[in-house]
Structure formats: C-alpha cells, structure tokens
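From first to last, the protein sequence lines are chains A and B. Going by full-length UniProt numbering, the final residue of the first sequence carries number 132, and the count climbs one at a time with no gaps. Going by full-length UniProt numbering, the final residue of the second sequence carries number 459, and the count climbs one at a time with no gaps.
Calculated directly from the structure, the hints in this document are not laboratory data. Don't take every hint at face value.
With a cut-off of at most 35 Å between alpha-carbon atoms, the simulated DSBU-like pairs for lysine-lysine come out as follows [claimed, not checked]:
1) Lys60(B) with Lys78(A)
2) Lys411(B) with Lys71(A)
3) Lys124(A) with Lys111(B)
4) Lys368(B) with Lys95(A)
5) Lys35(A) with Lys97(A)
6) Lys160(B) with Lys92(A)
7) Lys47(A) with Lys111(B)
8) Lys411(B) with Lys368(B)
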Amino acid sequence: MDAVSQRVLQYLTEVEEAAEDVLTSKQQIVDLDSKRNRNREALNALKTEIPDSEKVKVCFGNMFIKFPKSKTKEMIEKDQEQLEKEINDVRKGLKAKVNRLNEMQGNPELRGYNLCPLSTDELKALNSILKI
Amino acid sequence: MATTKVPEVRDIMRIERIGAHSHIRGLGLDDALEPRQVSQGMVGQLASRRAAGVILEMIKDGQIAGRAVLIAGQPGTGKTAIAMGIAQSLGSDTPFTALAGSEIFSLEMSKTEALSQAFRKAIGVRIKEETEIIEGEVVEIQIDRPATGTGAKVGKLTLKTTEMETIYDLGNKMIESLSKEKVQAGDVITIDKATGKISKLGRSFTRARDYDAMGAQTQFVQCPEGELQKRKEVVHTVSLHEIDVINSRTQGFLALFSGDTGEIKSEVREQINAKVCEWREEGKAEIIPGVLFIDEVHMLDMECFSFLNRALESDLSPVLIMATNRGITRIRGTNYQSPHGIPIDLLDRLLIIATSPYTEKETRQILKIRCEEEDVELSEEAHTVLTRIGMETSLRYAIQLISTAGLVCRKRKGTEVQVDDIKRVYSLFLDEARSSQYMKEYQDSFLFNETQTASMDTS
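Start from the sequences and build out the full structure, keeping to the hints where you can.
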C-alpha cells in the first residue's frame, strides 16, 4: 500500500474510532438512566407498598438478602446520587467527544455549543421573546 | 440528550424589500472570494463585489464590529443589490437590519432613538436554554379514584422508549395535568422536570392502526430513542432591541399598545448592556455583531451623523453599511458641502466601495435575470431592444418595461414578448428623460395659458 492510501486509511480509522466513542458514551447514558429509573421505581415501591417494620428482600447479583427497610432505602438513595453524578460526567465527556468528531470530519463547530445555560429566572424574564 | 441537534429557530425577522432585488441570492463569489461574472443573481461589478466579499468574511469572523462601510455609486449601479447580497450570504444566524435614511424621521420618536433601536436590532445575543425532560411513549395510564368521589387520586404512568420502560407514580397534580392534556396510551409526551409541564408530541406510529376515526391534526411520531430522562439544549438568538422592549414593557402597560414605537429609556439600555456583558463574562451569552444597512444615507442630517460617529465607538456596535448615490453635495440641515453629503470626520472612518455603471453586456444579463424572476419570456430581438433602452435611459426603466411588456403580450395572447410589445409600452410609459422633456413643453404651454387668463382677467 502506498503512503497516500495508508494515510487515508489511518484517517478513516481515527474518525471511526471517535464515532464509536460517541456511540459508546450514548449507550452508557442509556444504561445508567435505565438503572436510575429502576432505582426510582424501587424507592416508590418502598415508600408506598411495604409497612415500615417489615424487612425487604434485596437482590445482590444472583442472591436475595433480607434487609431492614430503612437501610435499603439509604443504600438505593446513595446509589441514585452516584448515578446522577455519573450521568452528568458522561454527558460532559460526550460533548467533548462530539466536538472532536466534528473537528475530525471538518464539520463546523455547533453554534453556541459551549455556552453555559441561563438560569431559570433569567429564562423566565426572556420567555416572551423566546416562545414566539 | 446532550448531542441532540435542535431545529433552528429563526428569531429575527428579516426585512426584505419585495421586488427590485428579489433575484439576489448572494454575492456570487467562489471559495477564493473571486467574483464570478454572473452568479446568484449578481452581474458585473466585480471589484465592488470582491471588496464586499472581503468585508463579508470579516463580519463572519466577527472581526470588524463597530466599523462602517459606504457603498457609493451612480443611481442604478447595484448598491442595494450588493447590500442585499451581503445580507443573503450572512445567513440566518447573523442579524441584518435594513432601513432607508428617511425612515428615521417620525413624529413619535426622535431621530436618535430610531437610530439606536436600529443599531440594537442589528446586534444578536446568543443564549442557551437547558431543560431536563422526560420523553417517552405512554404505554399505560392507570388512575385510581377514591370510592367517595372526593379526595386525592393516585395513579401510575408507564412510559417507554425504544431502550427502556418504567413506571412513574402520579400525584394529584400530575393526574390533573395529564387529563387536561387528554393524554392516553399511545401518545408520545414530554414532561418538563423543573416545571412539570406536559406536552404532547403526537401519537406513536405503532398505534397508528388502533382506530380509523382520527382527526386530521393527529400527528404520528416515532417512539423516542435512548434514555427516558433527557437533557435538551436549545440555542436562541435574540436581538438586544428585543430584550430592551420586554424590559421597558414591564414598566407600564401603555407600552404594550404602542408596540415598539415607544422610546426606550437610556437607563434600561444601560442595564441591559451591563447584564449582557455579565452573561458574556460568565460564558452564558455570545454577542454576534450583525449588520445595519442604511440606504440613502444622505437623507440623514448632522445630528444623525454625529450620533453615528459616537455609536460606532461603543463596544456593542454592529457593522454599519451605508449606501448613497450623491456626489459632492450639501450635508442635510447645514450649508456645508461634503462628498456624498456625509461629514468628513465620518467619511474618514468608512471603508468606501465604489460601484460603476453597467456595460451593455452586463445590462443584457441583468435584464435576462429579471425576466426569469418575473416569469416573462423575451424574444431575442426584444431583448436587444430592451438592452438598448436600458443603456440609453436607465436600467430601472428597462426593468419596469419587462413586466408591463409582459402584460401587453399576455393581452394579445402571445407567449413571447416581441419588439412590438416593447415599442408599445415604450410609447405608453415615459422614461425620466422624455418625461422631463414633456414637462418642459407642458410647463411652457401652461405658463402661456396662465398668462393668457391672467391678462384676460385684468383686461
């Protein structure tokens, strides 16, 4: 293979890798969100369906362990927090990855992509001109 | 999802004059900024178009905020066309405001107020809105009403995307807004996490055949992909003037009725400038200097010029493009003579682009483009005749003749405008030179008549 096609191949590989990277991050967010939703369902169920005194069966891997309710709740809540943080991190990373991919493919950078969002109060003030 | 590309929202209305320059789609430059002879509705004027192209690139890069450009040339040499070309090539993202020099004279508003509003319309502020939403297709809604009929309702809502499915417990308030929106199984909905606002996007395709009796307004959408709880980012571009208006409106309802015509207090403007600068420093906003185009700039008077001088120095200033067809003439409102009717100190700040009269070949091209634009077919001889008319009288007059000749042609049920049609409208409508000729003759006879009657009266 001559030098040119070598270079093209290398370039294409890099782009593919970057794209794959983006897709992986996206899938990761989906997985984390589905876990978060399952946790949320569990918390709701704990709140409404089971009396406080009772112990609940918690599934760890392929084993069920009886646990006190308050302890379980605490555990899941901690897990939720962790998940929330993780999703945020992945999203932040995803932005950088998409930027990199765009740059590699020679696409123009998305407009206003790196802006910080306005706070809700500020948005409310501008609402009437934004929603036309 | 963070990467979702949101459909672009066009916030700034573009004011376009219908007619004379509707065929202009850009400056007609290639990638190296070299002008093509005929392209995007532009013909000839190669040097000025190239100059405009350079300025355009600088505007796009945001390099020349607070500068001013003057397009000067004889009437009918494409000054407005070049400005329109710049506007078209800037795209929807850069604000472009056009006004004619005489528009600023009004009873309701001072001249400088009208000018500052125009300035602020030409400055865009880009901001981002970020919302957490839950988006999914409703699989099932289950609402339990208490047997007594009163009291809190409870319920469950099952939502799914292509990847997952989950159950939400519903409170009283949610149930109410769900029933208000008439949400049912098979709808695709979004719930704003912060406000709890529910909006229906449409019905899922998978439920399309559930029943046939469906209103025409029912929209079918795909079941959403990915995660249920998404982050949506929307980038808006608003003009400083729009922010001014909403902030001066809150002061009193009177402003609501007069729309934008009320004057905006300078304190409001200062506050907004401060806020926008603060946002910029916090990374919350980007400022996009747009373009303000003032046609017939010799109509402005001394006060306006000194205002322009000062306004260009402000750090929130757009690129100012002016056009004039005057040579050395009096500055309006003074007795001083100056080139283009613009004071020397302002002229000194301007980049001046000159346009030159069109050659015969170019005139022919422009007439051809206008014929296409106005849907008139022209025979070869008629085209030649029209070009001659265009060269001898003015391009504008020749362009006027296109549509009128088209009408005459249609009246005699012809498909192609012939020389006779052109001759007919040429005799029906006068060009400027012939009109002044007639005027002189008419004036003479009128004066003669007047003196006649006067003498008769006295006798």
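**Hinted pair lysine 35(A) and lysine 97(A), Cα distance within 35 Å** = holds, 24 Å
**Prompt:** Between lysine 160(B) and lysine 92(A), is the straight-line Cα distance small enough, at 35 Å or below?
**Reply:** holds, 25 Å
**Prompt:** Keeping to a limit of 35 Å between CA atoms, is the pair of lysine 124(A) and lysine 111(B) held or broken?
**Reply:** holds, 33 Å
**Asked** Are lysine 411(B) and lysine 71(A) close enough, with their CA atoms no more than 35 Å apart?
**Response** Not OK: lysine 411(B) and lysine 71(A) at ~91 Å, beyond 35 Å, violated.
**Asked** Keeping to a limit of 35 Å between CA atoms, is the pair of lysine 368(B) and lysine 95(A) held or broken?
**Response** Distance of about 50 Å is beyond 35 Å: violated.
**Request:** Measure nothing beyond the straight line between the CA atoms of lysine 411(B) and lysine 368(B); if it is 35 Å or shorter, mark the hint as holding.
**Result:** holds, 22 Å
**Request:** Compare the distance between the alpha carbons of lysine 47(A) and lysine 111(B) with 35 Å, and conclude whether the hinted pair is satisfied.
**Result:** The hint is violated at about 67 Å.
**Item:** 35 Å limit on alpha-carbon distance, applied to hinted pair lysine 60(B) and lysine 78(A)
**Value:** Measuring from Cα to Cα gives roughly 49 Å; hence the hint is violated.
Violated hints, in rising order: 1, 2, 4 and 7; the structure is consistent with all others.
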